[in-house]
Amino acid sequence: MGDKQITGSDHLKSDKVLKALIRELKNPLLLVARSSELAAKDSRAVDFAEIEKTAEQALQLIDNYLLSAQSEYGQKQLQLEPVSLGSIFYDVANEINALAKANNYELQVDTRHTAPVMVDPQAARTALGSLSQIMMIPNSDKRAKILRFTAFKKSTSEVVAGVLVPGSEGFTEAELAAADRLQGSTITVLGKGSVSSGIHLAIAQSLAEAMGGQVLPVKRLRMKGLGMQLIKSEQLALV
Amino acid sequence: MKILLIEPQNDFARVVSKSLELGGIEVLHASDAQAAVHAAEQGIDVVVLELALPGHNGLEFLYEFRSYNDWRAIPIVMYSHISSEEAGFNAEIYDRFGVVAHLYKPTTSLKKLEDSVRGAVLEPVR
Chain A
1 MGDKQITGSD HLKSDKVLKA LIRELKNPLL LVARSSELAA KDSRAVDFAE IEKTAEQALQ
61 LIDNYLLSAQ SEYGQKQLQL EPVSLGSIFY DVANEINALA KANNYELQVD TRHTAPVMVD
121 PQAARTALGS LSQIMMIPNS DKRAKILRFT AFKKSTSEVV AGVLVPGSEG FTEAELAAAD
181 RLQGSTITVL GKGSVSSGIH LAIAQSLAEA MGGQVLPVKR LRMKGLGMQL IKSEQLALV
Chain B
1001 MKILLIEPQN DFARVVSKSL ELGGIEVLHA SDAQAAVHAA EQGIDVVVLE LALPGHNGLE
1061 FLYEFRSYND WRAIPIVMYS HISSEEAGFN AEIYDRFGVV AHLYKPTTSL KKLEDSVRGA
1121 VLEPVR
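Taken in sequence, the protein lines are chains A and B. Here the first sequence is numbered in the numbering used here, starting from 1 and rising by one per residue. Here the second sequence is numbered in the numbering used here, starting from 1001 and rising by one per residue.
Take these hints with a grain of salt, some might be off.
Claimed, not checked - Only pairs whose alpha carbons sit at most 20 angstroms apart, straight line, appear in this in silico EDC-like list of lysine to aspartate or glutamate:
#	chain 1	residue 1	chain 2	residue 2
1	A	Lys-101	B	Glu-1064
2	A	Lys-26	A	Asp-63
3	B	Lys-1018	A	Asp-42
4	A	Lys-16	A	Asp-63
Claimed, not checked - Pair by pair, the computed Cβ-Cβ distance ranges are:
#	chain 1	residue 1	chain 2	residue 2	range
5	B	Asp-1070	A	Ser-43	32 to 42 angstroms
6	B	Gly-1119	A	Pro-121	53 to 63 angstroms
7	A	Lys-101	B	Arg-1066	34 to 44 angstroms
8	B	Glu-1092	A	Lys-101	39 to 49 angstroms
If you are wondering where the hints come from, they were derived from the structure by calculation, not from laboratory data. Every residue gets a Cβ at the ideal spot worked out from N, C-alpha and C, and that includes glycine.
Isolated chain B, as found in the complex (with noise of 0.2 angstroms):
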């Protein structure tokens, strides 16, 4: 399985990469939006994505995300700073996007995380 690990502090993405990859996971890491798009390029089965991102917010990063055919498919796991409450995300908001999760960083702990991203793979994006 490889995913695309969107986050844009380096320091924090190195230890969730490293804790996915010794659960066997490939992980592929952008700091911004624009990078992300390039990442995805090299075919990838999750997104894992912070809201909170340089120059964009994360939602528009999903308008961009789902406007190309080939990644509509791609379930999306939130991994941010910002709960959903926050967020003010419902469900359509979710299912228009594809987000199989939003997954709260505070209270989230690696194992979470890794449990969550293997679950959506099994998730049917529409």
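So that you can see chain A by itself, here it is in the shape it has in the complex (with noise of 0.2 angstroms):
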């Protein structure tokens, strides 16, 4: 498959995206150059695991673009196959364990509706590990917040992998609509929560978008977060 042409709307919209992702850069690579300034001053005062853990992150974020940003201009096809969303669930909490601990919260996941689904794993991931990122808004409540992974079916062939808070610290149509505007701009703050440069959403939406899905503000149980909507796989449902 050749690559998609690229017309100046597609110009336009990978300007924002570029631009968002390169805010982004700026905070792992800020932590990086100013915890060698401090370990210069007292080197036990930093912890070079996290700093490691951060430039890691950040290259994690690169290549999630890149994986993005190559579907969506068909320089890569993904490869659609029967998946359990559980398995999904798994990997992307073992993932972002590491980070939802830095950001004091305790993952959950929810398999009881866990149904197969189309989709190609490496960006089922992705997006779901973006989504979980726009979800965690640092705290530091003396409790651990909850982020929980759970499924649900929204038609017959549809089935909705949700990423949730407990809560108020949800999205609405127009604010998912308002963000994607902004992205790129000075700051994306989405909901009553989270501050993000947009490059999350931009992921996980491109991705979705290429297995045929879509991002949408999701509300469960009290509970509140984004979700990807996604094909049932009839192949695994019927087993």
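The task is to assemble the complex, starting from two chains supplied on their own in separate frames and drawing on the hints.
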């Protein structure tokens, strides 16, 4: 499959997303730079494992961006296959565990309704990981906040994989649309909490669309968050 | 000297806090505006503020912070990813909210931040 023909609006969108990526990368680079300055003053004051983790997260973000950009412009064809959402939830929870601890979150995986879906496993993990990062608003509360992965049926052929937190920190359709417009501008503030450049949303939206789905706001049982609408796998559903 | 560091990135706040503490400055950290208001009740000499806060922007926080009589004279040092040019702030806004310095994070060393915090205590805030 050849590269997709890129239009003027594609260029505008990719420019916005690239700016959002650059803004997001300022955080880890700043942490590494200032930690190095602190180490020169007193090396015992620096948590070198944290610096390593930060650098790895920055590299992961670059890879996530490349995956979404390549799939969006036809340079990489996603391979959709039937996969259990439960296994994807656990994989993502493992990948973001360190970040969750740093932001004071306890991860929960609800496997009750994890229907098999047609996804590219790497793209699905990346998209859900990106949504998780939007939902994890750093907090200094005494008790860790809960971040729950859960799935539910949207229609006979569609399933939503959601990333939810308790309370009012959800999003509306209008806020999602606004966040999309603001990508790459000074700062994107989503809903009542998340401070981000919008890069995580852009990556999740791009990958969800490449798998025939979309990102949408989700509400379930007094929890709110973001979800990814995906196509159910009829093949596994029959097993 | 005791300062309130309002910084949403917990890991970055730890680095800044340790650096200032090595210089003998006591640091209270809050990752959002609500926690900041509670922390300020402990008594502080200077506020170091990131403009991009969860749920609020820095200006909204400043409006609330300055509405308390007890805190009107506490100097503010902005220490942010958002430069003064990007934020569109001018001398009138800084004067109105008692902002004695606006430091752009990517180009501000920890040493410069510490110097600014020490200098802020000496700045009269009307």
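A quick look at each hint next to the structure:
Annotation: proposed proximity of Lys-101(A) to Glu-1064(B) is violated, straight-line Cα distance about 31 angstroms (limit 20 angstroms). At roughly 16 angstroms between alpha-carbon atoms, Lys-26(A) and Asp-63(A) fall within 20 angstroms of each other, so this suggested pair holds. For the hint pairing Lys-1018(B) with Asp-42(A), the CA-to-CA distance comes to about 10 angstroms; that is within 20 angstroms, so the pair holds. Distance hint between Lys-16(A) and Asp-63(A) is fulfilled; the C-alpha atoms sit about 18 angstroms from each other, no more than 20 angstroms.
The beta-carbon spacing between Asp-1070(B) and Ser-43(A), approximately 40 angstroms, falls within the hinted interval of 32 to 42 angstroms. Our hint of 53 to 63 angstroms for Gly-1119(B) and Pro-121(A) holds, since their Cβ atoms are close to 54 angstroms apart. Taking the beta carbon of each, Lys-101(A) and Arg-1066(B) are about 36 angstroms apart, inside 34 to 44 angstroms as hinted. Checked against the given bound of 39 to 49 angstroms, the beta carbons of Glu-1092(B) and Lys-101(A), roughly 43 angstroms apart, stay inside it.
The structure fails hint 1 only (numbered hints given earlier).
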